[in-house]
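Trainee: Sequence:
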Amino acid sequence: TINMPRIAYLSRTPKEFYQRLDHMMDISARSLHIKRDVISRLLDEGLYPYTKRYLGSFDNHFSTIGLVGMNEAGLNACWLKKDMTDPETQKFTKEVLEHMRNRLSDYQEQYPGELFNLEATPAESTAYRLAKHDRSRYPDIKTAGKEGDTPYYTNSSHLPVDYTADIFDALDIQDDLQTLYTSGTVFHAFLGEKLPDWKAAAALVRKIAENYRLPYYTISPTYSVCQEHGYISGEHFTCPECGEPTEVYSRITGYYRPVQNWNAGKTQEYKERKEYVIDHSVLKHNGPIEETAPKAEEHTAKNGEHEGEVHAGARAMLFATPTCPNCRIACSYLDKAGFKYEKLMAGDNVELALNYGVKQAPTLVITDGDSFEKFAGAGAIKEFLNAQA
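When the letters of the sequence shown are read in order and numbered with our numbering, they come out as residues 5 to 393.
Please note that the accuracy of each hint is not assured.
[Claimed, not checked] Taking lysine to any residue and the SDA-like style, the derived pairs with C-alpha atoms no more than 20 Å apart in a straight line are:
1. K278 to N267
2. K347 to A320
3. K344 to G373
4. K39 to T17
5. K278 to H240
6. K95 to K39
7. K211 to Y227
8. K340 to R261
9. K39 to D110
10. K278 to R332
11. K198 to D179
12. K211 to D179
13. K363 to T130
14. K211 to T271
15. K275 to K378
16. K95 to S44
17. K86 to E151
18. K98 to P292
19. K86 to K56
20. K198 to S129
21. K344 to E387
22. K288 to K363
23. K86 to K39
24. K95 to Y13
25. K136 to D110
26. K85 to K39
27. K95 to D110
28. K275 to R261
[Stated by the list, open to error] What follows is a list of derived Cβ distance ranges for each label pair:
29. L14 to E346: 41 to 49 Å
30. D374 to E113: 21 to 29 Å
31. S224 to K95: 23 to 31 Å
32. H137 to S44: 55 to 63 Å
I should point out that these hints are in silico values taken from the structure, not numbers from a laboratory.
Being a predicted model, the structure only gives us computed values, none of them experimental.
The beta-carbon is built from N, C-alpha and C at its ideal position, and this holds for glycine as well.
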């Protein structure tokens, strides 16, 4: 997990930021390569017999690089000095995530046969530990929370925890960011108490699914438990019935845990968290906001042919990954258009992907054997299909 606020704090320009980021990513990739090599050797030598029996090898497992604190990176970057609520910091964050994705593709070429991915790491303890060390070493570095409070960093590229009570305002911003990760990422819908019934929960889930592209989200109400009276909706540190102390449960990262057992940083985050009020949240658009489509990359198209035209006998291949949210979007575009294609997992077809210069998923490659055209990204694939219509 890369400490983004420290990189931003130490950098004077965006160029220096990327240089420092690349250096940290190189160290991370080399470390992961060494770890994979050692563990694989131990596996082959019989030190993990149950794992050997169950998995066989680690070839299909990813080497993961993540990040923490892009919100505070914006605050510490002298060319921004704004948090994730500002469009400039959001734009910079998208550029950083795209840069990291591309660099991970380079590592897959540098370390053949090894899969790399970009994750919004949970950072349950890391968000606090890194901020605590940074504040000790750099007293004027900006962390989450007010001066004098326990420091922590905001998870990955999330918004400040006290940004808004309107869930759709938060989703509008996070939708463009969370779809850039190639591994685990999640949007937590923190609620003050449970929804009235399952129909209300189903309606909220459906509304998010139909209007946003982000792959994973949770409905996370806070609740309390009294030893005598059991479940209590919402946050109650004492039981309304008997007045005895209760345990308040909330989602610390991917799982529920009593708030009293959280580390100091996560406890401070919980105190500052603004929970979403569904009844007062307003969806301001219908359907997913269209992503900015990158231009299709084209290679040696034949003279006189219409751009994007597919000829009889051509082979169409969609390079995808199992965890890529945009791959599912691209498949839906192709299926809806009735376009015939082969879906290939990039990790299982590394050599073929390299031959066509595939650097991201999804990428649609159309070849007649002598030449080929390449459309990288769901937006470019959609443009290509529109040209076919």
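Trainee: Hints numbered earlier in the text: which of these fail when held up against the supplied structure?
Mentor: 4, 6, 7, 8, 10, 11, 13, 14, 15, 16, 19, 20, 22, 23, 25, 26, 27, 32
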